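A.B. asks: The chain contents come next:
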Amino acid sequence: GENVEQHPSTLSVQEGDSAVIKCTYSDSASNYFPWYKQELGKGPQLIIDIRSNVGEKKDQRIAVTLNKTAKHFSLHITETQPEDSAVYFCAASRPSNYGGSQGNLIFGKGTKLSVKP
Amino acid sequence: ETGVTQTPRHLVMGMTNKKSLKCEQHLGHNAMYWYKQSAKKPLELMFVYSLEERVENNSVPSRFSPECPNSSHLFLHLHTLQPEDSALYLCASSQAVLSTDTQYFGPGTRLTVL
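Going down the list, the sequences are from chains P and Z.
Under the numbering used here, the residues of the first sequence are numbered 12 to 128, in order.
Under the numbering used here, the residues of the second sequence are numbered 740 to 853, in order.
Keep in mind that a hint or two might mislead.
Derived coverage of chain P by chain Z (criterion: at least 3 residues anywhere in the stretch with Cβ under 8 Å from a Cβ of chain Z; other residues may be distant) [as the list claims (entries may be wrong)]:
#1 40 to 53
#2 56 to 65
#3 117 to 124
Just so you know, the hints here were simulated from the structure itself, not pulled from any lab data.
Since this is a predicted model, take the numbers as computed values, not measurements.
Backbone N, C-alpha and C fix where the C-beta goes; we use that ideal spot for every residue, glycine too.
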């Protein structure tokens, strides 16, 4: 089955700097890669996602890149702000009903990002 | 807020107790999920419901029993739990059980088993 590795587990940056979180996946059939942000006391919230037919996607200060050949994808946050401090999770899934699968999301272990003012 | 609510937010129970977690979604979605979140581990999918029918059970022990009476409500009935079951239990919903459908999570129930 799919396995998602996420690095680093903790990341501390100064306000205004960039932050990069990397994930690798094992199942070449995976085609959907969302990123979730979890703030203290809340559930994970989708912040950006990318599909395998796209190499890069950007939304204001957040961008995600995908390298299908190497089976890795990354989250880039530019001009970090204290409110970006949270735990970030990457995930991967294969198409629904692929080989009988429901296309469930497989999550990484998370990265705790701290942005220091 | 995400449109997914969970009660209670915190629960402490003994190993012989029986309790239930409740989830309600106000998004008109047809799919609902239970996840277990433990420290330093990835989110673990427990159960998936589509239109009130269970479509996935990821080898979850029988001491966890889900119930989905309608597409807006999801319960997780707990009995004879173990201390290692202590975790944050998250409910989520999506429009359908499709891999590319965004899942909206509730705030979770922090469960402590003594």
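A.B. asks: Could you run down the list of hints and mark each one as holding or not?
C.D. replies: Status of the hints after comparison with the structure:
Residues of the segment 40 to 53 of chain P with a Cβ under 8 Å from some Cβ of chain Z number 6, which satisfies the need for three, so the listed coverage holds. With 4 residues carrying a beta carbon less than 8 Å from a beta carbon of chain Z, the segment 56 to 65 of chain P meets the three-residue requirement, and the given coverage holds. Three residues within the 8 Å Cβ limit are the bar, and the segment 117 to 124 of chain P against chain Z gives 5, so the coverage statement holds.
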